[in-house]
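Undergrad: Take a look at the letters that make up each chain.
2 protein chains.
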Amino acid sequence: MVSRKPAKLKIIPLGGLGEIGKNITLIEYKEDIIIIDCGMMFPDDEMLGIDVVIPDITYVLKNKDKVRGIILTHGHEDHIGGLPYILKKIKLPLYGTKLTLGLVDSKLKEHGIQGVELNEVKARDTLKIGCFNIEFIKVNHSIPDSVALAIHTPIGTVVHTGDFKVDYTPINDEVIDLHQLAEVGSKGVLVLLCDSTNVERPGYTMSERTVGATFNDIFQKAKDRIIVATFASNVHRIQQIVNSASLVNRKVVVSGRSMVNVMNVAIEDGYLNVPEGMLIDINDMDKYPKEELVIITTGSQGEPMSALARMAHSEHKKIELIPGDLVIISASPIPGNEKTIYGLINQLFQKGANVIYEALADVHVSGHACQEELKLMHTLLKPKYFIPVHGEYRHLRRHAQLAQELGMPKENIFIAENGSVLEFTKNGAGFGTNVPAGNVLVDGLGIGDVGNIVLRDRKHLSEDGLIIVVVTMSKQEGKVISGPDIVSRGFVYVRESEDLMEEAKEVVKNILSECERNNITDWATLKSNMRDGLKDYIYGKIKRNPMILPIIMEV
Amino acid sequence: MVSRKPAKLKIIPLGGLGEIGKNITLIEYKEDIIIIDCGMMFPDDEMLGIDVVIPDITYVLKNKDKVRGIILTHGHEDHIGGLPYILKKIKLPLYGTKLTLGLVDSKLKEHGIQGVELNEVKARDTLKIGCFNIEFIKVNHSIPDSVALAIHTPIGTVVHTGDFKVDYTPINDEVIDLHQLAEVGSKGVLVLLCDSTNVERPGYTMSERTVGATFNDIFQKAKDRIIVATFASNVHRIQQIVNSASLVNRKVVVSGRSMVNVMNVAIEDGYLNVPEGMLIDINDMDKYPKEELVIITTGSQGEPMSALARMAHSEHKKIELIPGDLVIISASPIPGNEKTIYGLINQLFQKGANVIYEALADVHVSGHACQEELKLMHTLLKPKYFIPVHGEYRHLRRHAQLAQELGMPKENIFIAENGSVLEFTKNGAGFGTNVPAGNVLVDGLGIGDVGNIVLRDRKHLSEDGLIIVVVTMSKQEGKVISGPDIVSRGFVYVRESEDLMEEAKEVVKNILSECERNNITDWATLKSNMRDGLKDYIYGKIKRNPMILPIIMEV
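Those protein sequence lines, which keep their order, are chains S and V. Under the UniProt record's numbering, the first residue of the first sequence carries the number 1, and numbering increases by one thereafter. Under the UniProt record's numbering, the first residue of the second sequence carries the number 1, and numbering increases by one thereafter.
With the rest of the complex left out, here is chain S:
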């Protein structure tokens, strides 16, 4: 008798584990796969010249006949930014809330992608996709219309929190649906996938509303123009800026492409309420005295091409900083951006502006749950198994510890990585065989054509530059006809190092003569002799290791 293998529910994170960014998770049962989110990530310092990083979707493409659609939890780039790339390779219906789809729609238009099926859902909706019944659950986050997902599968219920916080006093928004979460928890949850971003922080994340109180305070004292920079997608923050501006009777000007874009979508869809006549065109700004203006803009991470950075460097076409301007940076530095942001702040101060930023006042709160909120989520849902997601390894570890502190047995917690396959049956759970996962690098129009070798070369070039040695040689006699010529870039300031370069040429000449004496006519050997000899000479002289490229031209 042949024993039938029991059918397995598979949960496969392809991104977002061991990193903050490019979130994407697959849920698979028999002939059905759904994808939760498809984000992008910004390159780290080692990924020189890379524009964005997207997930490796080899497994999705291999199983494309099974894939039923992409379910979106919210409209942040690390959850929707990978969509244009995946949708170019495989046409899939999308499911998400109104604002999320609004942002996706404008993103797809930008990439010239047409014909994608956008299915709008609302919190408390239930959707049947393949064998899965998906409930959408309202959560709070730093963008409106965020949802968690309860996915009812034949093996049990999977809850994915998406990104969330618990905000009892949200702005233009409902409180996270604790009742629905409690209900789902009562009925039994097989496995929880939960946001780990802020797991290191004790206590509760402050309510978004506290920022509004700070704004009110600052706006009421301000005597000059006010410029506020924040994330374009933080519609609640923008609402509070508008509210405070309204309180002190100021007009609002918007600058920055993504800010204009998101505000248009948000106003149109009813997520942002701006009083009639309050929003004025940037070209009409001069008609108002500066103390009656608030400018809402991008650039809170110091991005060099952002509107705020252009203002700081007098490169903005419409807005010039005036001494006395009050600039509010309403954001935290994302790790890695600190130096850039502080550089921008210094520059703004030097232009005569006053700058208020997180170190000086409470002008920002996080959008992610701290420890006590995470405990609430775990307690309401009472999952049997737990997979911490949305975090670097340290966050996942800390989150696993938190679950253990709440009484979950260690063996029911899975710290997974991108490409892990978690398998669940009626009887148990465990790791299966990994599937391909990793970083796909986007550089210009090239997707995945920049790999480790190219990055290693860029790194080498960036540190010590390069030296090119060119020689023209006769094919028949194996003799030098012209050269060696030496060209360098990013190595030394040539005019001040003429001696060094002249001597380097002599070194190569000697190497070539010696090769000729020894009848070395194999050009690979010739090249490697030139490279090694020059490398030793240069390092001995100034302790640098430029890339050395010998080129032989054959005539």
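No wet-lab data here; the hints were simulated from the structure. Hints should not be assumed to be uniformly reliable.
The calculated lysine-lysine pairs, modelled on BS3-like cross-linking and capped at a C-alpha distance of 27 Å, are [claimed, not checked]: (1) LYS527/S - LYS543/V; (2) LYS410/S - LYS223/V; (3) LYS89/V - LYS541/S; (4) LYS187/V - LYS122/V; (5) LYS543/S - LYS459/V; (6) LYS543/S - LYS317/V; (7) LYS339/S - LYS459/V; (8) LYS459/S - LYS505/V; (9) LYS543/V - LYS107/S; (10) LYS543/V - LYS88/S; (11) LYS89/V - LYS543/S.
A quick note: this is a predicted structure, and the numbers were derived from the prediction, not measured.
Assemble the complex: chain S is given as a structure, and chain V must be docked to it using the hints.
TA: Showing chain V alone in chain S's frame:
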């Protein structure tokens, strides 16, 4: 009648303003100049391939006959790291406390610099150098033996705080000498130069002792090996690690070149007390059970070559991480290092270690004064004029504001920059004409030979790599004899982009043919045609801008 210009006291900061690093300040009166500190700075992200940054000392060299010596406030790299470079160019006596000179001495030996006069001073000493009478005043900081300076000049008293905090319960150290500061203040201070590092932080910096309490707590609960990473120069921190180890009867092992070096100097000079028999050789480590060991090590900033980073990547020759190891990172990330440190922490966790860092426990305190301590300093000294130092522009601005809040008139506060000349007479003060100042970049053995052009090229190369086009041409006929050959590095993974590279070659061939048809034999034009044509082709194809280097070999 010719009016004689009144003699001026000049204060000239050559480094440390508008930046955290490479602190150096000149005090000049008539024929005398003294230099306060001479530090280095680590390169920022834009200074690709640079090892360290030192101050421009053109003005010092130009006035070398006047310079009487260098007075050191403490032994941190941003105050003494530039010494080897300045002392190679100009021989000057040094003045500093015992530990400071101990660290300087080992630094000079490393650089092979001999014959420097090291003059040891103690807090409360007074020294006459040229026309200046210099009092040394005990302050607290994250390295022992730190002092502030009261420099009595013919125009008035200049106080330079050096780096300081107020610690009422320091470790193996005396409390900052508030009495002497008060005394100096009573006698009248013309101008104060004061540390601005922590001016954004309200309240007081915690006492170093609080970290000891945390260590005791952690050490008493720890069941496995303990590894603590901190700054080598933070002798008080090391003392507390030793104390906690002693409390739980553990032996201490030291790893990391600078840690071994500083601990040797500190023990020898009596700044660090280690109980007899407690310190064991790293080679004897295996003789002790792991729960009886504490390893003190470097790498708290995630430095890739540090002992801790080598442990994390299994590259340490003597120490292998064991699951269960407890690693304590006893430091804050210096802005810009966050990603590296978190990467190291993730790696340590992945090796099975438990990691405790600032986000999780109070394992670090700052060495710099917060707002209330700064107010105390200003209040005790009651200076007439104020120059905020040791800070980025935002810090200097905030510090100026703090002084104003304490009642100082705005016009008595000078926000200076590197190279500013502050001039003081009996009747007033103001800015004179700037002197040369800036960053001198050290790369390998080269000092100052890497400038903007080289850095711009490195940046360009790092982002999109390069394409080299080589053609051999006949001098007489102006015709192509060999080539074009195309070589690229850091551009695309060539094997996957063969078509692109082949087409690129065709593009160049066409350009060369067209030049031949048009009788263009001027090689500059030929090169620029090749460069422009290839640039347009490549950008059109994949939206990248590699550096393009056309080389013509003449035969």
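Undergrad: All hints, please: hold or fail.
TA: Evaluation of the provided hints:
1. With a C-alpha separation of about 32 Å, the suggested pairing of LYS527/S with LYS543/V is violated against the 27 Å cut-off.
2. Restraint check: the Cα-Cα separation between LYS410/S and LYS223/V comes to about 19 Å, which is no more than 27 Å; the hinted pair holds.
3. Straight-line distance between C-alpha atoms of LYS89/V and LYS541/S comes to about 20 Å, which keeps the hinted pair within the 27 Å bound.
4. At most 27 Å may separate the alpha-carbon atoms for a hinted pair to count; LYS187/V and LYS122/V meet this at roughly 21 Å.
5. Under the criterion of a C-alpha separation no larger than 27 Å, the hint pairing LYS543/S with LYS459/V is consistent with the structure, at around 20 Å.
6. Only pairs whose Cα atoms come within 27 Å are accepted, and LYS543/S paired with LYS317/V is accepted, the gap being roughly 25 Å.
7. A distance of roughly 17 Å separates the Cα atoms of LYS339/S and LYS459/V; the hinted pair therefore holds under the 27 Å criterion.
8. Annotation: proposed proximity of LYS459/S to LYS505/V holds, straight-line Cα distance about 26 Å (limit 27 Å).
9. Of the supplied pair hints, the one linking LYS543/V and LYS107/S holds, its CA atoms being roughly 19 Å apart against a limit of 27 Å.
10. At roughly 18 Å between alpha-carbon atoms, LYS543/V and LYS88/S fall within 27 Å of each other, so this suggested pair holds.
11. Among the hinted pairs, LYS89/V with LYS543/S is consistent with the structure: their alpha-carbon atoms are about 20 Å apart, no more than 27 Å.
Comparing the model with each numbered hint stated earlier shows that hint 1 is the single one that does not hold.
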